[in-house]
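Here is what each chain is made of, one letter per residue.
2 protein chains.
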Amino acid sequence: MKKADTEAREQAITLLNEAGLRPTRQRVVLAQVLFSNGDRHVTAEQLHGEAEADGAAISLATVYNTLHQFKGAGLLREVVVDSGRAYFDTNTKEHHHFYVEKTGLLEDIAGELISMTSLPKLPENKVVDRVDIVIRLREKA
Amino acid sequence: MKKADTEAREQAITLLNEAGLRPTRQRVVLAQVLFSNGDRHVTAEQLHGEAEADGAAISLATVYNTLHQFKGAGLLREVVVDSGRAYFDTNTKEHHHFYVEKTGLLEDIAGELISMTSLPKLPENKVVDRVDIVIRLREKA
DNA sequence: AAGAACTTTAGAATGATTCGAAAAATGCAC
DNA sequence: GTGCATTTTTCGAATCATTCTAAAGTTCTT
Ligand SMILES: [Mn+2]
Ligand SMILES: [Mn+2]
Ligand SMILES: [Zn+2]
Ligand SMILES: [Zn+2]
Numbered sequence: 015m016k017k018a019d020t021e022a023r024e025q026a027i028t029l030l031n032e033a034g035l036r037p038t039r040q041r042v043v044l045a046q047v048l049f050s051n052g053d054r055h056v057t058a059e060q061l062h063g064e065a066e067a068d069g070a071a072i073s074l075a076t077v078y079n080t081l082h083q084f085k086g087a088g089l090l091r092e093v094v095v096d097s098g099r100a101y102f103d104t105n106t107k108e109h110h111h112f113y114v115e116k117t118g119l120l121e122d123i124a125g126e127l128i129s130m131t132s133l134p135k136l137p138e139n140k141v142v143d144r145v146d147i148v149i150r151l152r153e154k155a
Numbered sequence: 015m016k017k018a019d020t021e022a023r024e025q026a027i028t029l030l031n032e033a034g035l036r037p038t039r040q041r042v043v044l045a046q047v048l049f050s051n052g053d054r055h056v057t058a059e060q061l062h063g064e065a066e067a068d069g070a071a072i073s074l075a076t077v078y079n080t081l082h083q084f085k086g087a088g089l090l091r092e093v094v095v096d097s098g099r100a101y102f103d104t105n106t107k108e109h110h111h112f113y114v115e116k117t118g119l120l121e122d123i124a125g126e127l128i129s130m131t132s133l134p135k136l137p138e139n140k141v142v143d144r145v146d147i148v149i150r151l152r153e154k155a
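Protein sequence lines correspond, in order, to chains A and B. Residues 15 to 155 in this note's numbering are what the first sequence spells out, letter by letter. Residues 15 to 155 in this note's numbering are what the second sequence spells out, letter by letter.
Where hints are given, some of them may not hold.
The list cannot tell twin chains apart, which means a pair is met if one copy fits it or any two copies do.
Claimed, not checked - With a Cα cut of at most 30 Å, we get these calculated DSS-like pairs of lysine-lysine: (1) Lys-116 x Lys-140; (2) Lys-135 x Lys-107; (3) Lys-154 x Lys-135; (4) Lys-116 x Lys-85; (5) Lys-140 x Lys-107; (6) Lys-116 x Lys-135; (7) Lys-85 x Lys-154; (8) Lys-154 x Lys-140.
Because the hints were derived from the structure by calculation, they are not lab data. These figures come from a predicted structure and were not determined experimentally.
Whenever a hint applies, use it, and build me the whole structure from the sequences.
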């Protein structure tokens, strides 16, 4: 076990403690995979695969549970770009996305790079929870 | 059978002909339900229910087939606001959406009401297919 | 009417996600 | 530390939306 691993592990544990989540074996592994490599977008299936590749046996049900708990704790957000598969995003700052349907490529657009001129009037008794902009791309002709 | 029904039916048939789709019994019914009541957003399940309520027995598989055909012909577009359920939109003009997750409410925002200040630079060899803006709302505190 | 092409259909299959209930791990009180 | 209450994990079954398959039915052209 290298020093770097131990460090990442401790960071993951700190993160979980601060979020009020018990640092169980599987949560620590998933937090490590998710948060020690910069911003990323993953599906449950992908994350499960990575944890497995890391030598950690975690059930897919636990991966789903954990993703939802992390989301609830504000460590992750969900990105909706495809009806049929849920992406989770480690970047919780305000930002938007490029999406290439054919390849599944999902890439961040910094929040400041886009802004809207005006907001239309909202339906009665509602407030804005969040504005999601998805720029759908395709291969250049 | 009233005159209005006959008229809506003929319009539906014309629409299908112009789109190069054979006006089969089930396509005519679905086109009528979809296009003779102003802009709307439906799921396959909803549309199937409405057709049934109209006295037309159509299999759910056919509803799915038809929605995809209509989409392919440019009569419908798909709106992605929820990973898990596909919405089809009879409004094919450029526009955006308000979405209330809790209730499933999906409402149009006219295209002109929103505009972006600038577009960030795109990934290599890609062009914009479409820009989708979803303003997610929740009940006012 | 006949044949070719296209469409519908039921039901099985798939894929993503959730559920239920039992087993395991964890945190606290003694 | 031990014991107990609480939380978490896990497997497998269940669910839900959607797609597939192959057979049966319809439509269009001649
Ligand atoms: Mn979810
Ligand atoms: Mn689709
Ligand atoms: Zn992102
Ligand atoms: Zn719309």
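message = Flag every earlier hint the structure violates by its number, smallest first.
response = none
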